[in-house]
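> Sequence:
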Amino acid sequence: MKHTYPILLLLSALLCGACERTLDFEGPENEKATDLVINGTAVAGTPLTVYLSRAYQIDKVPSIQYYDYEHAVLFKDDLTTDYLTDDYLAKTAVRDAEVTAEVNGQESYPMAYDGVGFCYTCSYVPQEGDRIRVKAVSSGKELSAETVVPAKPDIEIIGHEVLAENPYQDMEGLVNQSDTIMRLKCHISGAGENSYYRLRVRSERSQTLMTSSQYWKDGGWHRLYYHYYVLQDVYFSDDELFTDNRLVQGFGGWPAYFSNVFEGTQAAGHTFTIDSPKAYVSPDALDFSKTSRDEIPEIAPRVMVELQAITPELYRYLKAMQLYRISGDEKDAEPTLIYSNVDGGWGILGALSYDRHFVEYGE
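Taking my numbering, the leading residue of the sequence shown gets 18, the next gets one more, and so forth.
In short, the hints are calculated from the structure, not lab data.
Since we're looking at a predicted model, the values are computed, not measured.
A virtual CB, placed ideally from N, CA and C, is assigned to each residue, including glycine.
Do not take every clue at face value.
[Claimed, not checked] In silico lysine-lysine, BS3-like type, Cα no more than 27 Å apart, as pairs:
| no. | residue 1 | residue 2 |
| --- | --- | --- |
| 1 | K169 | K152 |
| 2 | K108 | K169 |
| 3 | K77 | K158 |
| 4 | K108 | K158 |
| 5 | K169 | K336 |
| 6 | K202 | K108 |
| 7 | K234 | K202 |
| 8 | K202 | K158 |
| 9 | K108 | K234 |
[What the hints assert, rightly or not] Computed spacing ranges between beta-carbons, pair by pair:
| no. | residue 1 | residue 2 | range |
| --- | --- | --- | --- |
| 10 | L241 | I316 | 32 to 38 Å |
| 11 | I316 | D360 | 49 to 55 Å |
| 12 | F375 | E210 | 29 to 35 Å |
| 13 | K158 | H239 | 49 to 55 Å |
| 14 | P127 | T288 | 31 to 37 Å |
| 15 | Y73 | T260 | 48 to 54 Å |
| 16 | E145 | Y73 | 21 to 27 Å |
| 17 | H374 | I343 | 18 to 24 Å |
| 18 | D255 | G190 | 15 to 21 Å |
| 19 | D261 | V179 | 24 to 30 Å |
| 20 | D131 | L241 | 30 to 36 Å |
| 21 | T260 | G207 | 55 to 61 Å |
| 22 | A168 | F268 | 29 to 35 Å |
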């Protein structure tokens, strides 16, 4: 009998612990006071542009016709049937906000809405060292973000060679590239702690193609020409500078474990080699005449090498996006958090400056 009371107490505790209680759930729409999003990158030497849009819950996102990745980023022409990169902005842009840019705590620039680009622009041109604060007010809601334009980086092209081989042609997702590559040897100087970089390497060229179609103008028939601009942004290197062990699978031609975003401590005084596949143009492009199309500028086959010095917040955002784009949609998968530096809203305001070089293939 003396053991009865402890047993009863234990049973009571278990029963009380098993009681159910209905809890109020705060959904995503209540996580922040606003659904507004600021996105923008202040580029040294280029007029400031920012985008203000509205965020939606996953089950309320506007319906958009998405194009495949290769079409959207690797090929572009000037036809009316060309892909539209602003479909989503057209449906989510906030057009009636009051947006201002404050520079170094002194000058203030009102930003006007651009209905063509679905963005806000002003006359201010960011310069190295500028501290920029963008504020937006819409329907009584206010959000803001700050960034500082980094100093211009320094990259040197030590040498290059053209190789009539392309070991990367079988890379899944890699398109618009030929059986030729350019191998470049580069050197980064001036980097150090608390600095962040992105390396862009673009193989590009343009071409005017004569078609079999004709049109009537000024009393005569004229041949129809198309002007194409072809690019290849994917490049390759086995240098540890570009290694990110979190990227366990490739994307759009980029190999697994490869990232073009890295820290300055890795890059300081570093010399490395990269391979850039030559942008591809159809053999049909050789069957044309340019005699009547001199007004269309053409870009000879070349490679652009651009080292960007980026802000810490832009670095974190880009790293998160590279991880997000290879993440699965399994319900039990660990979510990928996208970095945001917007106060009172969502999005990213970053800044960059760059050092850009062009290397032509030649004849």
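> Are the hints correct? Go through all of them and say.
Results for each hint:
Our distance criterion of 27 Å between C-alpha atoms is met by K169 and K152, whose separation comes to about 26 Å. Distance check on the hinted pair: K108 and K169 sit about 36 Å apart at the alpha-carbon level, beyond 27 Å; violated. The straight-line distance between the Cα atoms of K77 and K158 is roughly 21 Å, inside the 27 Å bound, and the hint therefore holds. At most 27 Å may separate the alpha-carbon atoms for a hinted pair to count; K108 and K158 meet this at roughly 20 Å.
Restraint check for K169 and K336: satisfied, since their Cα atoms lie roughly 21 Å apart, inside the 27 Å limit. Restraint check for K202 and K108: the C-alpha separation of about 44 Å exceeds 27 Å, so the hint is violated. For a cut-off of 27 Å, the pair hint linking K234 to K202 is broken: about 51 Å separates their Cα positions. Using a Cα cut-off of 27 Å, the hinted pair K202 and K158 is violated, with the two alpha carbons roughly 50 Å apart.
Restraint check: the Cα-Cα separation between K108 and K234 comes to about 38 Å, which exceeds 27 Å; the hinted pair is violated. Checked against the hint of 32 to 38 Å, the pair L241 and I316 fails, with Cβ atoms roughly 21 Å apart. Distance hint check: the CB atoms of I316 and D360 are about 42 Å apart, inconsistent with the given range 49 to 55 Å. Between F375 and E210 the C-beta distance comes to about 31 Å, which sits within the given range of 29 to 35 Å.
Checking the proposed 49 to 55 Å range against K158 and H239 shows it holds: the Cβ atoms sit about 54 Å from each other. Against the hinted window of 31 to 37 Å, the Cβ-Cβ separation of P127 and T288 comes to about 46 Å, which falls outside the hint. Between Y73 and T260 the beta carbon distance is about 36 Å. The supplied range of 48 to 54 Å is therefore violated. Against the hinted window of 21 to 27 Å, the Cβ-Cβ separation of E145 and Y73 comes to about 37 Å, which falls outside the hint.
Taking the beta carbon of each, H374 and I343 are about 30 Å apart, not inside 18 to 24 Å as hinted. Restraint check, D255 to G190: a C-beta distance of roughly 19 Å satisfies the suggested window 15 to 21 Å. The given range of 24 to 30 Å is respected by D261 and V179, whose C-beta atoms sit roughly 29 Å from each other. For D131 and L241, the hinted distance range of 30 to 36 Å is satisfied, since their beta carbons lie about 32 Å from each other.
For the pair T260 and G207, the beta carbons lie near 22 Å from each other, so the given range of 55 to 61 Å is not met. At about 31 Å, the beta-carbon gap between A168 and F268 stays in the expected band of 29 to 35 Å.
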